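The primary structure of each chain is shown beneath.
Protein chains: 2
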Amino acid sequence: MTAELEKTERTSISRHAERGSYDREAAYAILDEGMIAHVGLDAGSGVMVIPMTYARLGDDLILHGAVASRWLSSFKEGRPVSVCVTLLDGLVLAQSAFSHSMNYRSVVVFGDARLIEDDEQKQAAFKALLEQLVPGRWEDSRQPDRKETDATTVLALPIKEASVKVRSGPPQDAAKDLELPYWTGVIPLELTAGEAIPDPAMKDERAVPEYVSTFSVKR
Amino acid sequence: MTAELEKTERTSISRHAERGSYDREAAYAILDEGMIAHVGLDAGSGVMVIPMTYARLGDDLILHGAVASRWLSSFKEGRPVSVCVTLLDGLVLAQSAFSHSMNYRSVVVFGDARLIEDDEQKQAAFKALLEQLVPGRWEDSRQPDRKETDATTVLALPIKEASVKVRSGPPQDAAKDLELPYWTGVIPLELTAGEAIPDPAMKDERAVPEYVSTFSVKR
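Keeping their order, the protein sequence lines are chains B and C.
Take any residue in the first sequence, note its place counting from 1, add 5, and you have its number in the working numbering.
Take any residue in the second sequence, note its place counting from 1, add 5, and you have its number in the working numbering.
Only true hints are included.
Identical chains share a label here; the pair holds if one copy fits it or two copies do between them.
Quick list of in silico lysine to any residue cross-link-like pairs, SDA-like style, CA-CA up to 25 Å:
| no. | residue 1 | residue 2 |
| --- | --- | --- |
| 1 | Lys12 | Asp47 |
| 2 | Lys208 | Pro176 |
| 3 | Lys132 | Ile41 |
| 4 | Lys132 | Gly174 |
| 5 | Lys12 | Ala73 |
| 6 | Lys152 | Ala180 |
| 7 | Lys181 | Val213 |
| 8 | Lys208 | Trp188 |
| 9 | Lys165 | Pro85 |
| 10 | Lys223 | Glu136 |
What the hints contain is simulated information worked out from the structure, not anything from laboratory work.
Since the structure is predicted, the reported quantities are computational estimates derived from the model, not experimental observations.
Between the sequences and the hints, there should be enough to build the whole structure, so can you do that?
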């Protein structure tokens, strides 16, 4: 794979171009930290955007859903899909309302997803989907059986036609606004994990696994 | 406005219908806590999903962008748009890989956005956009001038054809899987604010406003 992502009409960044890049490594760092993707698809009655878990597996984004899902199955028809992963880093308070902003890191990927039907590839995708959320969990859970595997549609979207957008740092007020008297700065935002809550359905006392007690959203 | 949102082919929830609702009050609680929306639109070269700030203003979702934005301006052509706001609440660790899930609250809205051109309505939208992120900030910043107002496209999407989806609580393993030996439970997730970072561009020492020092993502 090339180090640069593909710049096309769809991925070209026209607004705040200084925030954009086509750097594959930067895209992967964002995709690897994220836990949820917003997936857009025209399933025939207009665009729909749905939140989904996902995984990055090599140079693909993996998506999955129930075979019975009307929405997901429309992928199979070769309709292009757009996937966006966004991490929020802060609220940017400027002198002017107009210059307020957010600090964030986002990746948008476009393209045609392909159906993963091979059993071994499907298991690798299931593993990636779980490990994306909780590294260490795959080996510490019951892996999918025949029925579960067959009931699940797995799609792979090549991370090729994609772009990265990042804003960080303090506000950028126009010079004239710096004479104004307001407090300006950044309120940092972070997705954080709390203490794990044991499932009341467990049949006995069980120690919290280390990968759970040390879990962190930041990887 | 009716208490129930509009159930159509696009908003009907086919998977995990037990998680879905059409309750306007539940939708507003989620929309009021959120800070970012993922907006899907077919701008002519396929669906694009983009993260945007937004506001709920009465029974509308407000979106905005630069007049010069190629993407946003395609809204004006009456193309339907889909907006999704998702709040992550936890990772759900079940006995089977298949039953792993996330706790979340999400709202999806569809429809045709209308352009807000009236000056007074535009200012109300700017205020709502800022107050959605940092309540108290509008009165403590320079409000948009003529040039800034004219350079900004503001759209209102009626919250009408919409649905809510919520998952909460412990894992739901199949009865046979409850005999398995794995630890199961929930890792709670929360978007949290850190201590505010003052802008080095401020011309003198300024006290952190109370609405900043007491800022909380949870409203």
